[in-house]
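Can you make the complete structure from the sequences, with help from the hints?
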Amino acid sequence: NAGVTQTPKFRVLKTGQSMTLLCAQDMNHEYMYWYRQDPGMGLRLIHYSVGEGTTAKGEVPDGYNVSRLKKQNFLLGLESAAPSQTSVYFCASTQTSRTQYFGPGTRLTVT
Amino acid sequence: SQKIEQNSEALNIQEGKTATLTCNYTNYSPAYLQWYRQDPGRGPVFLLLIRENEKEKRKERLKVTFDTTLKQSLFHITASQPADSATYLCALPNTGTASKLTFGTGTRLQVTL
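Protein sequences, first through last, are from chains A and B. Heads up, the first sequence is in my numbering, so the first residue is 7 and it goes up one at a time. Heads up, the second sequence is in my numbering, so the first residue is 27 and it goes up one at a time.
Read the hints as simulated data drawn from the structure, not as lab findings. Keep in mind that a hint or two might mislead.
[Claimed, not checked] In silico lysine-lysine, DSS-like type, Cα no more than 30 angstroms apart, as pairs: (1) A:77 - A:15; (2) B:89 - B:43; (3) B:97 - A:63; (4) B:29 - A:63; (5) B:83 - B:97; (6) B:97 - B:85.
For clarity, every value in this text was computed on a predicted model and none was experimentally measured.
This is the structure in structure tokens:
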């Protein structure tokens, strides 16, 4: 099992550009999450999903959109990137065990 | 609001000693608490979960305690090794469903020879 995978691993965007981060999990988990991690701030929840076709806002959702069209995939979109969105993005998934399984992260720089 | 505090200063200890990391929380009555390990450039990895009715939990060289009166968890690594060097995060369940977690900012542990 690959677990949770994320693409791309690194990306540099100019202000105003858009992009989509892809998260895929092969553990048949119902719940999926997108976090951002910034120095001194810890992991902060952006959006999450409790199942295929559902999404909900987390702690810091502004400037991001998500979609969960298939159970195994959770996409995070930035429509108009801003320098404040420079961060490391992590995807995670879980079933009912409450243990979250994380992907390797995507390092995004917005110039 | 819910708040989790971990010592932001790095903890430096000598190989073979016991490392003790602290997680304090306020405005919470969590049913459980989790500890994760994060290596540089990687995602967090789950280590241990301790429930509110458990005082202590062990896994190999790891030991976690959970004091719901003090609102504190201690994470111990005995006979520490340089390979234990990493950032350790505590996490508590968020309110509501969806198995959401709120993470502390983590404490970096450096084990030297």
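Against the structure, the hints:
Among the hinted pairs, residue 77 of chain A with residue 15 of chain A is consistent with the structure: their alpha-carbon atoms are about 22 angstroms apart, no more than 30 angstroms. For the hint linking residue 89 of chain B to residue 43 of chain B, the alpha-carbon distance of about 14 angstroms falls within 30 angstroms, and the restraint holds. Note on residue 97 of chain B and residue 63 of chain A: the hinted pairing holds, with a Cα-Cα distance of about 28 angstroms set against a maximum of 30 angstroms. Between residue 29 of chain B and residue 63 of chain A, the direct Cα distance comes to roughly 19 angstroms. Compliance with the 30 angstroms bound is thereby established for this hinted pair.
Of the supplied pair hints, the one linking residue 83 of chain B and residue 97 of chain B holds, its CA atoms being roughly 16 angstroms apart against a limit of 30 angstroms. A C-alpha spacing of about 22 angstroms is found between residue 97 of chain B and residue 85 of chain B, which places the hinted pair at or below 30 angstroms, so the restraint holds.
Of the numbered hints given earlier, the model fails none.
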